[in-house]
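Participant: Chains as they are written, first to last, in our numbering: chain H, 19 to 151; chain V, 19 to 151; chain Z, 557 to 637; chain G, 557 to 637.
Bear in mind the hints are in silico, worked out from the structure with no lab data behind them. Bear in mind that the values here come from a model prediction, so they are computed numbers and not experimental data. Yeah, the Cβ is synthetic: ideal placement off N, Cα and C, and Gly gets one too. Careful: at least some of the hints might be erroneous.
Simulated DEER-style distance windows between Cβ atoms [as the list claims (entries may be wrong)]:
no., chain 1, residue 1, chain 2, residue 2, range
1, G, E613, H, D151, 21 to 29 Å
2, H, D143, Z, T605, 50 to 58 Å
3, H, D66, G, Q593, 42 to 50 Å
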Amino acid sequence: MYYLKISPTPLDVHALYEKLKDPQYGGIVTFVGTVRQWTGDIETQTIDYSAYPEMAEKQLNKLAAPIEAKGARVVIAHRVGHLDLTDEAVFVGVAAAHRAEAFEWCQYLIDTLKTEVPIWKRETDTDAVRWGD
Amino acid sequence: MYYLKISPTPLDVHALYEKLKDPQYGGIVTFVGTVRQWTGDIETQTIDYSAYPEMAEKQLNKLAAPIEAKGARVVIAHRVGHLDLTDEAVFVGVAAAHRAEAFEWCQYLIDTLKTEVPIWKRETDTDAVRWGD
Amino acid sequence: MQVTIKLFAMLGEQLGATVKLDLPAAPTAADIKPALQTAYPAVRQLLATARLAVNQEFVEDDAQPISATDEIALIPPVSGG
Amino acid sequence: MQVTIKLFAMLGEQLGATVKLDLPAAPTAADIKPALQTAYPAVRQLLATARLAVNQEFVEDDAQPISATDEIALIPPVSGG
Chain H
19 MYYLKISPTP LDVHALYEKL KDPQYGGIVT FVGTVRQWTG DIETQTIDYS
69 AYPEMAEKQL NKLAAPIEAK GARVVIAHRV GHLDLTDEAV FVGVAAAHRA
119 EAFEWCQYLI DTLKTEVPIW KRETDTDAVR WGD
Chain V
19 MYYLKISPTP LDVHALYEKL KDPQYGGIVT FVGTVRQWTG DIETQTIDYS
69 AYPEMAEKQL NKLAAPIEAK GARVVIAHRV GHLDLTDEAV FVGVAAAHRA
119 EAFEWCQYLI DTLKTEVPIW KRETDTDAVR WGD
Chain Z
557 MQVTIKLFAM LGEQLGATVK LDLPAAPTAA DIKPALQTAY PAVRQLLATA
607 RLAVNQEFVE DDAQPISATD EIALIPPVSG G
Chain G
557 MQVTIKLFAM LGEQLGATVK LDLPAAPTAA DIKPALQTAY PAVRQLLATA
607 RLAVNQEFVE DDAQPISATD EIALIPPVSG G
């Protein structure tokens with residue numbers, strides 16, 4: 019039932035959100051990560067995301083399955099390729115019966131994605147090129 | 019800068035989300051509350067929301083101002099009138115530099131809205147009409 | 557002194573969107589709910605759970621004076637969202 | 557035994573998307589990073605911070621045997637999202 023995708027196509031945030039709507043759910047929490055201009059004194063111009071796509075999708079499945087087993091719906095999409103300022107890099111959405119669990123699970127998924135899913139960013143900043151930490 | 023609205027017009031979730039995008043923010047968290055069909059054994063058919071609109075908008079301003087003062091952007095819209103299953107009743111969005119604060123503030127806003135903002139629901143369930151608790 | 561009180565949700569359904577209420581001279585916020593409960597004993601319990609708002613602000617201080625031009629409302633437990 | 561190792565991010569930029577590596581007979585997961593560090597001392601530190609994946613799963617057990625048909629990858633610290 020859940021939808022997980024890693025793709026170079028720009029994220030269609032509204033279409034991803036619509037996948038979460040269902041009469042059985044009362045709360046939908048989404049997180050969208052966008053390309054931010056400033057990190058302290060460092061100015062970012064663009065970000066290139068790359069992935070180990072087969073493993074990344076397997077890892078996303080491992081994260082999403084236990085949340086869905088609790089009755090929620092999970093939608094995750096991550097973009098790869100060349101992104102400009104304000105472009106959406108990632109969408110994580112959870113629909114659940116009640117809002118507290120939707121918040122908890124959405125935050126768990128993005129926090130865990132950021133350590134366990136093989137995707138990397140390469141920032142082109144005004145002063146240097148940096149691989150994400 | 020923030021946008022707060024109470025209106026009988028159906029919520030345009032995508033337009034509300036777009037108001038949150040800005041190069042200074044890297045994380046956007048949104049909560050959408052929709053009309054759920056089942057609450058235990060009670061089946062909901064429709065919900066009518068009513069408000070004390072002038073006071074509700076004042077209360078939303080009081081909630082949003084301190085969050086915006088911390089550098090985030092807040093967008094809140096609540097629908098009034100007659101809603102069917104899966105219709106969006108409320109949108110609460112927070113854009114912030116970092117995701118942890120966006121999650122925290124979005125959840126704070128919806129939790130506080132639910133106790134401090136004069137809006138009421140009147141559920142038409144299959145067995146009875148109920149005012150929200 | 558007569559004041560008009562806005563009512564909402566189940567209270568509005570029971571008593572109408574507004575009611576007029578006679579208060580003693582120099583009234584304070586603390587006088588309103590008891591006077592309403594005397595006038596409308598059938599909704600005594602609903603009135604007890606409602607919060608008073610004056611000029612679109614929840615009243616924090618029961619000693620707040622009430623004037624005839626204030627916008628007074630009773631706010632039943634809210635259930636938006 | 558020769559294996560092919562997939563590399564990503566800064567490691568892929570430095571050494572290419574794949575490298576071939578000779579391992580002793582009956583190798584285990586524990587043999588891979590030291591052999592790579594010997595072959596590519598310039599990226600010793602980058603290799604140290606990477607995690608090993610075999611058949612698209614992070615390796616939890618250093619004693620896991622490695623066969624010539626396994627898909628082996630080194631995963632630098634991820635930075636998606």
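Participant: Hints first: check each against the structure and report whether it holds.
Facilitator: Against the structure, the hints come out as follows:
Our hint of 21 to 29 Å for E613(G) and D151(H) holds, since their Cβ atoms are close to 24 Å apart. Checking the proposed 50 to 58 Å range against D143(H) and T605(Z) shows it holds: the Cβ atoms sit about 57 Å from each other. For D66(H) and Q593(G), the hinted distance range of 42 to 50 Å is not satisfied, since their beta carbons lie about 27 Å from each other.
Checked against the numbered hints given earlier, this structure breaks only hint 3.
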